[in-house]
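J.: Respectively, the protein sequence lines represent chains A and B.
Per the numbering used here, the first sequence starts with residue 12, numbered consecutively.
Per the numbering used here, the second sequence starts with residue 12, numbered consecutively.
Bear in mind the hints are in silico, worked out from the structure with no lab data behind them.
It cannot be assumed that every hint is accurate.
Put simply, identical chains are the same to the list, so a pair is met inside one copy or across any two.
[Claimed, not checked] Here are the simulated lysine to aspartate or glutamate pairs, DMTMM-like style, with alpha carbons at most 25 Å apart: (1) 145 / 58; (2) 76 / 58; (3) 205 / 269; (4) 346 / 272; (5) 225 / 354; (6) 145 / 74; (7) 205 / 74; (8) 205 / 228; (9) 283 / 343; (10) 145 / 370; (11) 283 / 210; (12) 145 / 372; (13) 346 / 150; (14) 145 / 343; (15) 145 / 72; (16) 225 / 343; (17) 145 / 61; (18) 283 / 58; (19) 346 / 395; (20) 283 / 301; (21) 145 / 419; (22) 283 / 272.
Protein chains: 2
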Amino acid sequence: MAENNDKHPSRRAFLAGAAAVGTLATQSRAQSDPAISVQPWMQELGDGVDAAPYGVPSPFEADVKRRNVEWLTADPVSSVNFTPLHDLDGIITPNGLCFERHHSGVARVDPAQHRLMIHGLVERPLVFTMEDLKRFPRENHVYSLECAANSGMEWRGAQLNGCQFTHGMIHNVMYTGIPLRLLLEEAGVGTEGKWLLAEGADAAAMTRSIPMEKALDDCLVAFKMNGEALRPEQGYPLRLVVPGWEGNMWVKWLRRLEVGDQPWHHREETSKYTDLLEDGTARRFTWEMDAKSVITNPSPQAPITHGPGPTVLTGLAWSGRGTIPRVDVTLDGGKNWQEARIDGPSLPKSLHRFYFEFDWDGSPLLLQSRAHDSTGYVQPTKAELRAFRGVNSIYHNNGIQTWAVAADGSAENVEIS
Amino acid sequence: MAENNDKHPSRRAFLAGAAAVGTLATQSRAQSDPAISVQPWMQELGDGVDAAPYGVPSPFEADVKRRNVEWLTADPVSSVNFTPLHDLDGIITPNGLCFERHHSGVARVDPAQHRLMIHGLVERPLVFTMEDLKRFPRENHVYSLECAANSGMEWRGAQLNGCQFTHGMIHNVMYTGIPLRLLLEEAGVGTEGKWLLAEGADAAAMTRSIPMEKALDDCLVAFKMNGEALRPEQGYPLRLVVPGWEGNMWVKWLRRLEVGDQPWHHREETSKYTDLLEDGTARRFTWEMDAKSVITNPSPQAPITHGPGPTVLTGLAWSGRGTIPRVDVTLDGGKNWQEARIDGPSLPKSLHRFYFEFDWDGSPLLLQSRAHDSTGYVQPTKAELRAFRGVNSIYHNNGIQTWAVAADGSAENVEIS
Numbered sequence: 012m013a014e015n016n017d018k019h020p021s022r023r024a025f026l027a028g029a030a031a032v033g034t035l036a037t038q039s040r041a042q043s044d045p046a047i048s049v050q051p052w053m054q055e056l057g058d059g060v061d062a063a064p065y066g067v068p069s070p071f072e073a074d075v076k077r078r079n080v081e082w083l084t085a086d087p088v089s090s091v092n093f094t095p096l097h098d099l100d101g102i103i104t105p106n107g108l109c110f111e112r113h114h115s116g117v118a119r120v121d122p123a124q125h126r127l128m129i130h131g132l133v134e135r136p137l138v139f140t141m142e143d144l145k146r147f148p149r150e151n152h153v154y155s156l157e158c159a160a161n162s163g164m165e166w167r168g169a170q171l172n173g174c175q176f177t178h179g180m181i182h183n184v185m186y187t188g189i190p191l192r193l194l195l196e197e198a199g200v201g202t203e204g205k206w207l208l209a210e211g212a213d214a215a216a217m218t219r220s221i222p223m224e225k226a227l228d229d230c231l232v233a234f235k236m237n238g239e240a241l242r243p244e245q246g247y248p249l250r251l252v253v254p255g256w257e258g259n260m261w262v263k264w265l266r267r268l269e270v271g272d273q274p275w276h277h278r279e280e281t282s283k284y285t286d287l288l289e290d291g292t293a294r295r296f297t298w299e300m301d302a303k304s305v306i307t308n309p310s311p312q313a314p315i316t317h318g319p320g321p322t323v324l325t326g327l328a329w330s331g332r333g334t335i336p337r338v339d340v341t342l343d344g345g346k347n348w349q350e351a352r353i354d355g356p357s358l359p360k361s362l363h364r365f366y367f368e369f370d371w372d373g374s375p376l377l378l379q380s381r382a383h384d385s386t387g388y389v390q391p392t393k394a395e396l397r398a399f400r401g402v403n404s405i406y407h408n409n410g411i412q413t414w415a416v417a418a419d420g421s422a423e424n425v426e427i428s
Numbered sequence: 012m013a014e015n016n017d018k019h020p021s022r023r024a025f026l027a028g029a030a031a032v033g034t035l036a037t038q039s040r041a042q043s044d045p046a047i048s049v050q051p052w053m054q055e056l057g058d059g060v061d062a063a064p065y066g067v068p069s070p071f072e073a074d075v076k077r078r079n080v081e082w083l084t085a086d087p088v089s090s091v092n093f094t095p096l097h098d099l100d101g102i103i104t105p106n107g108l109c110f111e112r113h114h115s116g117v118a119r120v121d122p123a124q125h126r127l128m129i130h131g132l133v134e135r136p137l138v139f140t141m142e143d144l145k146r147f148p149r150e151n152h153v154y155s156l157e158c159a160a161n162s163g164m165e166w167r168g169a170q171l172n173g174c175q176f177t178h179g180m181i182h183n184v185m186y187t188g189i190p191l192r193l194l195l196e197e198a199g200v201g202t203e204g205k206w207l208l209a210e211g212a213d214a215a216a217m218t219r220s221i222p223m224e225k226a227l228d229d230c231l232v233a234f235k236m237n238g239e240a241l242r243p244e245q246g247y248p249l250r251l252v253v254p255g256w257e258g259n260m261w262v263k264w265l266r267r268l269e270v271g272d273q274p275w276h277h278r279e280e281t282s283k284y285t286d287l288l289e290d291g292t293a294r295r296f297t298w299e300m301d302a303k304s305v306i307t308n309p310s311p312q313a314p315i316t317h318g319p320g321p322t323v324l325t326g327l328a329w330s331g332r333g334t335i336p337r338v339d340v341t342l343d344g345g346k347n348w349q350e351a352r353i354d355g356p357s358l359p360k361s362l363h364r365f366y367f368e369f370d371w372d373g374s375p376l377l378l379q380s381r382a383h384d385s386t387g388y389v390q391p392t393k394a395e396l397r398a399f400r401g402v403n404s405i406y407h408n409n410g411i412q413t414w415a416v417a418a419d420g421s422a423e424n425v426e427i428s
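Chain A extracted, bound-state conformation (with noise of 0.2 Å):
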C-alpha cells in the first residue's frame, strides 16, 4: 500500500490525493448533474422558524443513533444504549447520542422535588433543593466519560462488529456544575472523614464509595450538560462528576452524600465493577481510566465506499489521567507506525480526535492506533493485558483495537497475534 510517510501531510502528498478528487467529480459531470440543475428544495419554501422550538436532525439522519444489544442483558431497564462513534467527529458528544447505562432505568425525576443530603460525618448536615445548589459557584469542563465495562466483550476475543458496540459506552460534554469540594466544606468535613458514599435517586439506589481525597480535588455536582439541564438518562437534574475515572461512580439522579471513615462494600464494587484475575483474586478499586484509543473510520459500520485513493482515518483517544499528546496509527497491523494528527482542543480526562491521511491503494489494511498519554502511558496490546489480567474480566480492557478492512472497502473486527 501507498503511504503518506509524513507526519503532517505535505501540500505535494495532498494535492496528488486531491487532483483524484477532482477528476472523479469532474467525469461524473452532465446536464443531469446536481450541481447545474435547480433542485426541488431551491423551487420551494421550508418550514418555517415556528416549526421547531426545539430542533431535531434531518431525517436523512435518521439511522444515527443509538443502539442496544439485546442479548447483552435480561432486561431493557438494565442495559446499555450504545454512542454511534463512526458517525461522530470532533470531540463533543451530542446529548441525544451520549450513550446511556442504567440499572433500574431512566428515573423520572422532578427537579422541584429532587433533594441532595450531605450528611454522616460533617459538622452541620445540610440538604439542598436545585435552587439552592444554583447559589455556589460553577464551573464548565469538558470531560469523557467511560464506563469500567467498555470493550468488555472484547476480552476473549473479537466479539462485536462496529466501534459503536466495542468502543461506545464513552461520551464526552461539557459539564456545569459546583465543585463537590464547596460542598462538603459548607458541611464541614473533619480529618476523620476519609470517604463520601454518592447515592442515586433510581429505584436501584446506585451507590459508590470514593476516597475523600478524590471528592476535594476534581469531582463536580453537576446540572448542565452541553450548555443545557442534563438529559434524563444522565442523571437530570443532577449528577457527580468524576473525572477521569470509571462512569458507573459518576452517580446519576444524586440525592444523598454521605461521609464516612472507610468504604461501603456495596454491590457495585464487589460483585460488579471488579475485575476478577486468573488466580480468582480480584482487583478492586481499579477507578482510573487507563489511556485508549479507537479508530472510528474506517471500522466495520463505516466501510470505505470511495475506492482507491485520497482517505481519511479518524479516531479517539483519551486518558483518565490527563491529555494525549501523541498517537500512533498503523495501516498494516503493527509492522509501520506512524504518528496521527490530533486536531481540536486537548482537554485533560477529555476525549481528542486524530487524523491520519492516506493515499490508499486498494490493498487490504490491518489498521490499529494506539495512544500516548501525558503522563508517559502508551496503550497496550489485548496479549499484553491478557498475560497480566487473564481473561475473566469484564472491566478495563484498554487494549488495542484492530480493523482488518478488505479490498473492496470493508471491515471487520479482528485479532492478530
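Following the hints, complete the assembly by docking chain B onto the known chain A.
T.: Chain B alone, transformed into the frame defined by chain A:
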C-alpha cells in the same frame, strides 16, 4: 447593597453566603421533606435503553426552547428563532437550541443529491459530492455565530424584555470542516482571484461576497456541529464557517463558490446588512463582529427567585477579533465596576462564560457587563455607539445592556443615561 469586593470570591465571603443557604435548607426540613421521604421515582422502574435511540430533554424542561417574535417579520419562513440564553450555562449551545434565521424557510436537502461547485476565476472548475469532501483533511474549532442584527431592536431604546430576544441571535458550537483554503487551492486560484461568492441551495439562493484574504485564512466548509451532522436549519449538509464575521456570511446549504475579481453587490450586502448612518450614507462590508457581552442571569426571563443572600450572576462575552481576557460587571449602573470571573475554555472567536458571585441585600440593582477583547477593544455604551452611528441602523449594536432588578427580584430591560 452589600458587594463582594474581591476579584475572585474569597473563601470567607463564600462561606458567609453558603451558610445562609444551609440555614435556609435546614429550616425547611420536616417529615415531609423530599430528602427524607422515598420519592415515587425510587419506587418504580424507569424507561429502558430501547426507549430513546435519539434522546430528548426532560419533560420538566419543556419551557427551554427557541422562541420567535410574531410581529418581527411578515412570515415565519423569513424570520428568526432566538436561543434561550437565560436557560443555558457553559459555552456550548446544544444543537436543538441554536438560533435560526433563514430567508426562505429550512431547505430540505438530500445529501446524496447535494453538490458543491467551485468555478469562476479558477484553473480547474470542480464539483464535489459530500463523499468527495470527506476525503479532504478536516479541522475542529469552536466558534460563535452572531447575526449582524442581534440587539438590532435596541438601537432606538430598550425594546425587548429578555436576553433571549435582545441577544439570542448567537450560538456557539464545535464545527468539523475542511479548511476552505484547501478546496480553493485544489481548484487553483491565481492572483486575479480577489473575491469569492458563496451561494446557498435554499429558495432564497442566499449569496454573499467574501474577500479572498478571509477565505484563505480561517474559513471552513463544515459538515458537522457538536459532533453530529449539521442540523437542517443550520445548513445541512454543508455550510460555510466565517469565524468572527456576521452570521449571514456563513452561507447555509452551501452549493456554489465563485471566484471573481470584485464583489457582486448582491441584495444581502446592499439593501440589507449595511449600516445606514444619520447623514443618509451607509457603512458597507462591516463584516467583523465587535466585542460584546450580556448578563444572562439575572435577567427579565430569569428573575432572582430566592430572595436576598448569595447570588450568582452570569453571562456571556465574545469578540469576532479573538479571545476575551476580561469582563467587568456593575451592580449600580456603572458607578462601580468589578472584574468578573471567566470560567471554561477561552478560545478565539468563541463565547466566553463569566460569573460574578455576590451577596444581594435585596435592594434594587442596575446590572451591566462590559467585555474587553484580546486586541484591547472595550465594549462601548449604547450612547457612545449612537453618537457615531445614529439610530437608523438595525445592525452591529454591541452596546452595553442594562437590566434593572427590583426588590422583588424581577428584572426588566432599561436604558440609563
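J.: None of the hints should be skipped; say for each whether it holds.
T.: Results of checking the hints against the structure:
1. For the homomeric pair residue 145 and residue 58, neither the shortest alpha-carbon distance inside one copy (37 Å) nor that between copies (28 Å) is at most 25 Å.
2. Proximity of residue 76 to residue 58 under the C-alpha cut-off of 25 Å is found in both arrangements, the shortest distances being 24 Å within a copy and 17 Å between copies.
3. For a Cα distance limit of 25 Å, the shortest separation of residue 205 from residue 269 inside one copy, 11 Å, qualifies, whereas the shortest one across copies, 66 Å, does not.
4. For the identical chains of this complex, residue 346 and residue 272 are neighbours neither inside a copy (51 Å) nor across copies (51 Å), given an alpha-carbon limit of 25 Å.
5. In this homomeric assembly, residue 225 and residue 354 come within 25 Å of each other (Cα to Cα) only across copies, at 21 Å, whereas the closest approach inside a single copy is 30 Å.
6. In the homo-oligomer, the alpha carbons of residue 145 and residue 74 lie at most 25 Å apart only across protomers (18 Å), although the nearest pairing inside one protomer, at 38 Å, exceeds that limit.
7. Proximity of residue 205 and residue 74 under a CA criterion of 25 Å is satisfied in neither setting, with 47 Å inside one chain copy and 42 Å between copies.
8. When the C-alpha separation of residue 205 and residue 228 is checked against a cutoff of 25 Å, the pair qualifies only within one copy, where the shortest distance is 13 Å, while the shortest distance between copies is 54 Å.
9. For the identical chains of this complex, residue 283 and residue 343 are neighbours neither inside a copy (37 Å) nor across copies (56 Å), given an alpha-carbon limit of 25 Å.
10. In this assembly of identical chains, residue 145 and residue 370 lie within 25 Å of each other by CA distance solely across copies; the values are 14 Å between and 52 Å within a copy.
11. When the C-alpha separation of residue 283 and residue 210 is checked against a cutoff of 25 Å, the pair qualifies only within one copy, where the shortest distance is 16 Å, while the shortest distance between copies is 56 Å.
12. In this homomeric assembly, residue 145 and residue 372 come within 25 Å of each other (Cα to Cα) only across copies, at 18 Å, whereas the closest approach inside a single copy is 57 Å.
13. Proximity of residue 346 to residue 150 under the C-alpha cut-off of 25 Å is found in neither arrangement, the shortest distances being 45 Å within a copy and 28 Å between copies.
14. With identical chains, the CA atoms of residue 145 and residue 343 are at most 25 Å apart between copies only, with a shortest distance of 23 Å across copies and 53 Å within one.
15. Proximity of residue 145 to residue 72 under the C-alpha cut-off of 25 Å is restricted to the inter-copy arrangement: shortest distance 16 Å between copies versus 36 Å within a copy.
16. For the homomeric pair residue 225 and residue 343, neither the shortest alpha-carbon distance inside one copy (41 Å) nor that between copies (40 Å) is at most 25 Å.
17. In this assembly of identical chains, residue 145 and residue 61 lie within 25 Å of each other by CA distance neither inside one copy nor across copies; the values are 31 Å within and 33 Å between.
18. For a Cα distance limit of 25 Å, the shortest separation of residue 283 from residue 58 across copies, 22 Å, qualifies, whereas the shortest one inside one copy, 50 Å, does not.
19. When the C-alpha separation of residue 346 and residue 395 is checked against a cutoff of 25 Å, the pair qualifies only within one copy, where the shortest distance is 17 Å, while the shortest distance between copies is 66 Å.
20. Within a single copy, residue 283 and residue 301 get their C-alpha atoms as close as 19 Å, which meets the 25 Å cut-off; across copies the closest is 55 Å, which misses it.
21. Only between protomers do residue 145 and residue 419 lie at most 25 Å apart by alpha-carbon distance; the minimum there is 18 Å, versus 55 Å within a single protomer.
22. Proximity of residue 283 and residue 272 under a CA criterion of 25 Å is satisfied intra-copy only: 22 Å inside one chain copy versus 68 Å between copies.
Of the hints listed earlier, those the structure fails to meet are numbers 1, 4, 7, 9, 13, 16, 17, in rising order.
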